[in-house]
Each structure stands twice: as C-alpha cells, then as structure tokens.
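Chains as they are written, first to last, in our numbering: chain S, 14 to 295; chain F, 41 to 196.
Since the hints were made in silico from the structure, they are not lab data. Treat the hints loosely; a few may be bogus.
Now the in silico label distances, taken between C-beta atoms and shown as ranges [said to hold, decoys possible]:
#, chain 1, residue 1, chain 2, residue 2, range
1, S, Glu293, F, Lys71, 42 to 48 Å
2, F, Lys71, S, Met253, 34 to 40 Å
3, S, Lys108, F, Ala101, 43 to 49 Å
4, S, Ile152, F, Lys71, 39 to 45 Å
Think about it this way: if two alpha-carbon atoms lie no more than 30 Å apart in a straight line, the pair counts; the simulated BS3-like pairs of lysine-lysine are [unchecked claim]:
#, chain 1, residue 1, chain 2, residue 2
5, S, Lys91, F, Lys78
6, S, Lys88, F, Lys183
7, S, Lys114, S, Lys183
8, F, Lys71, S, Lys83
9, S, Lys108, S, Lys88
10, S, Lys185, S, Lys229
11, F, Lys78, S, Lys83
12, F, Lys78, S, Lys114
13, S, Lys91, F, Lys71
14, S, Lys108, F, Lys78
15, F, Lys71, S, Lys183
16, S, Lys108, F, Lys64
17, S, Lys204, S, Lys185
18, S, Lys88, F, Lys78
19, S, Lys204, S, Lys229
20, S, Lys114, F, Lys71
21, F, Lys89, S, Lys114
22, S, Lys108, F, Lys191
23, F, Lys64, S, Lys91
24, S, Lys88, F, Lys64
25, S, Lys88, F, Lys89
26, F, Lys71, S, Lys82
27, F, Lys64, S, Lys82
28, S, Lys183, F, Lys89
29, S, Lys82, F, Lys89
30, F, Lys64, S, Lys83
Chain S regions said to be covered by chain F (calculated; three or more residues, Cβ under 8 Å) [said to hold, decoys possible]:
#, stretch
31, 58 to 67
32, 110 to 119
We put the beta carbon where it would ideally sit given N, CA and C, even for glycine.
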Amino acid sequence: MAAEGGHGPLTSGEYISHHLQNLQVCKVETGEWVWNQCAGNFWTINVDTMGWSIFLGLVFVILFRGVAKKASSGKPTKLQALVEIIVGFVDSSVKDTFHGKSRLIAPLGLTIFVWVFLMNFMDLIPVDWIPMLAGSLGIPYMKVVPSTDVNITFGMSIAVFFLIIFYTIKNKGVTGFIGELTLHPIAPPTKGVGLIAAPFIIAFNFILESVALIAKPVSLSLRLFGNMFAGELIFILIAMLGIYQLPLHFLWAGFHLLIVTLQAFIFMMLTIVYLSLASESH
Amino acid sequence: MDINLTLIGQSFAMIVFVGVCMWKLWPPLIKALEDRQKQIEEGLAAADKGQESLVRAAAEADDIVAEARKQATGILDQAHARANEIVADGKADGVKERERQTSAAKAEIEQEANRAREELRGQVSAIAVASAEKILKREIDGKAHEDILGKLAQEL
Chain S
14 MAAEGGHGPL
24 TSGEYISHHL
34 QNLQVCKVET
44 GEWVWNQCAG
54 NFWTINVDTM
64 GWSIFLGLVF
74 VILFRGVAKK
84 ASSGKPTKLQ
94 ALVEIIVGFV
104 DSSVKDTFHG
114 KSRLIAPLGL
124 TIFVWVFLMN
134 FMDLIPVDWI
144 PMLAGSLGIP
154 YMKVVPSTDV
164 NITFGMSIAV
174 FFLIIFYTIK
184 NKGVTGFIGE
194 LTLHPIAPPT
204 KGVGLIAAPF
214 IIAFNFILES
224 VALIAKPVSL
234 SLRLFGNMFA
244 GELIFILIAM
254 LGIYQLPLHF
264 LWAGFHLLIV
274 TLQAFIFMML
284 TIVYLSLASE
294 SH
Chain F
41 MDINLTLIGQ
51 SFAMIVFVGV
61 CMWKLWPPLI
71 KALEDRQKQI
81 EEGLAAADKG
91 QESLVRAAAE
101 ADDIVAEARK
111 QATGILDQAH
121 ARANEIVADG
131 KADGVKERER
141 QTSAAKAEIE
151 QEANRAREEL
161 RGQVSAIAVA
171 SAEKILKREI
181 DGKAHEDILG
191 KLAQEL
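Pulled out of the complex, with its shape left as it was, chain F reads as follows:
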C-alpha cells in the first residue's frame, strides 16, 4: 500500500497510451463517425428529395395519360368521320354506277327496239306489198310505187 515507483510508471504508461490514442485511434474513429453522420443526413435529404420528385413524376404521368386520352379520343373521332366519309363516297359511287348501268341498259334497249322496229318495218312493207298485190289482183310495178310503200313503212 506504499507509494512507490509504480506511480511514476503508471503516469508514464498513461502518457504513452493517451498519446497513442490521440495520434492513432481517435482521429480515424471520430472521422468515421462524423462521415457517417454526414452520410445519414445526406441520405435523409436525398430521400426527401426523392419523395418530392416521385410526387412530381406522378402528377406529370397523370398529365401525360390525360393528354394521351384526349389524343386517342381525337383520333377515334377522326377515324369515325373518315369512315362515314368513305361510306358516303361508296354510296355516291354506287348511285353513279347504277345510273350509268341503267342508262346503258336503256340505250341498248332503245337500240334493240330500233333494230326490231327496222326489221319489223321491212317485214311490214313486204307484207304490205304482198297484201297490195293480192288486193289489186294485178301486178303493180313495185318500182313505181316504192315511194308510197316507203312512206307507208315509215309510218308504221
């Protein structure tokens, strides 16, 4: 229990250990701690910022979707209009074609009728000549009365 040299030894040991601690232990440890504090602080700030930009991005996405919807509606409307137009065009074409066909048929019929009429006319004139021959009971010069026959045939 006496005071002895151990006291000085311990003081010396303490100076050495404190020196080592000051030189080699404390600076890296406290630096790591402070760096981590800073990192956590920055991480929290970044998280806040991320949250904020997330909200902003969601709003932006909503806008884009709304815009896209509007465009889609527009395109759909256009498509409907175009379809109606095409149908209308088709109808008009159909009408025109029908008219054309009809008029062509009419013309043909007319032509056909005319031809039949011509033929009939020929035959009628022949019949008329024969009838006249029989009626007059004498030979009539066909050539002399051709103009009359022709006129007759014309009236048929």
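Chain S with its partners taken away, still in its complex shape:
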C-alpha cells in the first residue's frame, strides 16, 4: 500500500481517499500559495493531474512532430505507419461526419483522440507505482490519471463548448444562433391571435434549447470522467485484495483497455458531431 512514512498502516478508507486526493497548490486570502489546504478554494491548481495532462500532451506533440518532420510518401518507418494509421482513422472519421470544410476540425479530433487516450492509458499503470515513487520523493499525493479529474474533462469540454458556439455563429450568424435557441422545437406563431402566445413559446423554447446546449459539454465531460473515475476506483479496490489482486487486475485491465480506447474515440467523435451540427443548417 501507499508509503506514507511514519503514519503506520492505513485503513482501507484512508487508502482509497489518499488515492483520490489531488496534489494541490492554491492561493489563500493572504496572497500566499499553500500546498494541500485548498478545499473549496477556486484558486487551486491540481498540480498532479495538470502536470500529467501537460506531460502527456507534450508526449503527443513530440511524438507526432518527430514523425511529421520526417514524413514522406515513400516507405514509412514502423512509427510513421502507426501514426499514419491514427491520422488516417481520424481523418476518415471526420470526413464521414463533417461535410463542411474546416482546417480546425481534423487536427482538433486528432489531438483529442490521442491526448485523451494517453490520459486514460495512465489508468493501466498499477495504481501504487507512481504514488509510491512520489511518496518516496516526499510528495504526499499523486493522482496520475488526468481524466479522473473532473476539472480536466470539463476543461476540455468547455473548450469544445466555445467552439460549438463559435461555429454556430460563424456559419449561421448571431441571429441564426439566437433563432436556434428560441425558434425550436415549437415555432412561435407570427400572425393572428396566436401572437399573444409567442413570448411564452419563445421562453419555453429558450429554456429547452439552452438545456440541450449546455448538456452537450456536461455530458461530454461527465461521460469521460465517470468512466475513468469508476475504472480507477475499481483498480484501487482490486489493489486492496492482497495476492488475489493479480488475476483480477489483469482481467479488469483487459476490459479497461477497451474502455480507454472507446472513451477517447467517443470524446473525439462527439466533438466532431457537435461541431458538424453547429456548421450545418437543418
């Protein structure tokens, strides 16, 4: 179990909550930055998940940049072949779904797919390895799977949310955007006695459509967070079983490998779908 020098044996509750605790640094009211006393404070950085997230993003960029620099249409190296499979896969997914022309969507999809995959993949590293290593270096908490941090998944889905709004306004104009929020699903009457009812219908539409709009980033991020958090929690529970954890661990890792890939794919695919909905007029 997690090494926490001097504290003696941990109860299972302590073990679990220790694993779920972020390494945090926050700015308190006095203006100082303090470590790990940040409950309820917005000005907090989850150093571990943020750090791993950036690290994995850099892994993605450096790996792909190395291939992209030497990319040629001749005989590919093995790594180039792998990268090209991923790029080709993302490209065909985007072309199947998004029919407009955009220089952003495909690179966005690629970044999301690979980055989320790498973040999820951290879940397959045995749950105690990195926290124990960090503990031996004097770092009290270390959460290594960025996608089990709701801030990380929300951070990404909010970026996608703003892109949805940007694309809607870009392709349909501000009036189109407002119209989409207010004139669906019930078209308000434009003449006659029904005109009295129009404001109520518009208000009703607005409530319905804003919920639908806001549900997009929320569901996008919570889906990923929920899957990964549950998977991580099960890994932690399995890790408490002593010697019996070995077969169970491999079994769950096998299932989780599917979840890891699937969730990365779903995040990418839904992003593309949302953005293509935003760019197409019905």
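Dock chain F against chain S, hints included.
Showing chain F alone in chain S's frame:
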C-alpha cells in the same frame, strides 16, 4: 473534486496543443498520407499500363518471329536454287570441257594418223619402187616413172 483553476489551465493547455497540432502536426502528416494514396493509385495505373504494353510487346515479338521465319525460309529457298544453278552450271561446263577434250584428242589422233599415213605412204612408195625394180629385172629410170609412183602412193 471541486471545480478550480485546473479547469481553465486545462482549457488553455488544450487550445495550445490543438493549435500546435493544427500548425505543425496535421498538415505534413495528412500530406504524406495523401501523397502516398496518389502514389499507390499511380503505381496501380502504371502496373496496368505495363501489363498492357507487355501483352502488346509479346504480340509484336510473335509477329517479328513469324516474319523472320518467313524470311529465313525464303533465304533457304534462294540458297537451294542457287546451289542447283551452280551444280547445273558445273555440269554444263563439264560437258563442254569433255567435248573440247574429246575433239582435241580426235584432232590429234587424226593428225597422228595422217602423219603415219604419210610415212607409210613414203615407205610403201619406196617398197613399190624396189618391188617394181625387182619385178622388171631391170633398171627403170626412177625419175621417168616418178609420176606413176606418186599416183600409186597417193592411192594407198
């Protein structure tokens, strides 16, 4: 589990990474992929074309071989004809030569016979004179009877 500054940090990080991807990663990779697709397409087309020209070349080669065979047969025929001609010429020459030799031999024989005849004639006339001398038992003037003797010799 609280929402905190990490959210904004992650959004920012995402914008940066997507930007880098858009700027530095995607264009060269997709270009390499599309170029390769084009190359493969062209390669397949070239292979088809090559196959086609191979078939055409084989047909052409067949034609050339057939033509060459025809020519060879022609040349062979000509050679046979020429050989026959040469043999025929040789035969004709042989015949001519034989005739020449034969006629030369004949002429020589004739000449030889004539000479022998002349000689014989001389001798016979001498013998005739001697015989006549003996027969007449008297000296006959050879000069007076030379014309008779000559005529006699001529008849031999």
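Verification of the hints:
In this structure the hint that Glu293(S) and Lys71(F) lie 42 to 48 Å apart at CB is violated, the actual value being about 27 Å. In this structure, Lys71(F) and Met253(S) break the distance hint of 34 to 40 Å, their C-beta atoms being roughly 51 Å apart. In this structure the supplied range 43 to 49 Å holds for Lys108(S) paired with Ala101(F), their Cβ-Cβ distance being about 47 Å. Against the hinted window of 39 to 45 Å, the Cβ-Cβ separation of Ile152(S) and Lys71(F) comes to about 43 Å, which satisfies the hint.
Taken as a hint, the Lys91(S) and Lys78(F) pair is honoured in the structure, with Cα atoms around 21 Å apart against an allowance of 30 Å. Between the alpha carbons of Lys88(S) and Lys183(F) the distance comes to roughly 135 Å, so the proposed pair goes past 30 Å and is violated. Only pairs whose Cα atoms come within 30 Å are accepted, and Lys114(S) paired with Lys183(S) is accepted, the gap being roughly 13 Å. In summary, the hint linking Lys71(F) to Lys83(S) is supported, as the alpha carbons are separated by about 12 Å, within the 30 Å threshold.
Taking the CA atoms of Lys108(S) and Lys88(S), the gap is near 25 Å; set against the 30 Å cutoff, the hint holds. Of the supplied pair hints, the one linking Lys185(S) and Lys229(S) holds, its CA atoms being roughly 19 Å apart against a limit of 30 Å. Simply put, Lys78(F) and Lys83(S) have alpha-carbon atoms about 19 Å apart, close enough for the 30 Å limit, and the pair holds. A C-alpha spacing of about 21 Å is found between Lys78(F) and Lys114(S), which places the hinted pair at or below 30 Å, so the restraint holds.
With a C-alpha separation of about 18 Å, the suggested pairing of Lys91(S) with Lys71(F) holds against the 30 Å cut-off. Between Lys108(S) and Lys78(F), the direct Cα distance comes to roughly 18 Å. Compliance with the 30 Å bound is thereby established for this hinted pair. At most 30 Å may separate the alpha-carbon atoms for a hinted pair to count; Lys71(F) and Lys183(S) meet this at roughly 27 Å. Pair hint Lys108(S) plus Lys64(F) holds up; C-alpha atoms about 21 Å apart against a cutoff of 30 Å.
Distance check on the hinted pair: Lys204(S) and Lys185(S) sit about 25 Å apart at the alpha-carbon level, within 30 Å; holds. The suggested pairing of Lys88(S) with Lys78(F) holds, with an alpha-carbon distance near 14 Å, which does not exceed 30 Å. Annotation: proposed proximity of Lys204(S) to Lys229(S) is violated, straight-line Cα distance about 34 Å (limit 30 Å). This hinted pair checks out: Lys114(S) and Lys71(F) have alpha carbons roughly 16 Å apart, not beyond 30 Å.
For the hint linking Lys89(F) to Lys114(S), the alpha-carbon distance of about 35 Å lies beyond 30 Å, and the restraint is violated. A C-alpha spacing of about 143 Å is found between Lys108(S) and Lys191(F), which places the hinted pair above 30 Å, so the restraint is violated. Note on Lys64(F) and Lys91(S): the hinted pairing holds, with a Cα-Cα distance of about 21 Å set against a maximum of 30 Å. Between Lys88(S) and Lys64(F) the CA atoms are separated by roughly 21 Å; this keeps the pair inside 30 Å, and the hint holds.
The straight-line distance between the Cα atoms of Lys88(S) and Lys89(F) is roughly 23 Å, inside the 30 Å bound, and the hint therefore holds. Taking the CA atoms of Lys71(F) and Lys82(S), the gap is near 12 Å; set against the 30 Å cutoff, the hint holds. At most 30 Å may separate the alpha-carbon atoms for a hinted pair to count; Lys64(F) and Lys82(S) meet this at roughly 9 Å. Among the hinted pairs, Lys183(S) with Lys89(F) is inconsistent with the structure: their alpha-carbon atoms are about 48 Å apart, more than 30 Å.
A threshold of 30 Å between alpha carbons decides the hint, and for Lys82(S) with Lys89(F) the separation of about 34 Å lies outside it, so the pair is violated. About 12 Å separates the Cα atoms of Lys64(F) and Lys83(S), which keeps this hinted pair within 30 Å; it holds. Here's how the stretch 58 to 67 of chain S fares: 6 of its residues keep a CB closer than 8 Å to some CB of chain F, so the rule of at least three is met and the hint holds. Interface restraint, the stretch 110 to 119 of chain S with chain F: holds (3 residues with C-beta to C-beta distance below 8 Å; minimum three).
When the structure is compared with the earlier hints, violations turn up for hints 1, 2, 6, 19, 21, 22, 28, 29 and for no others.
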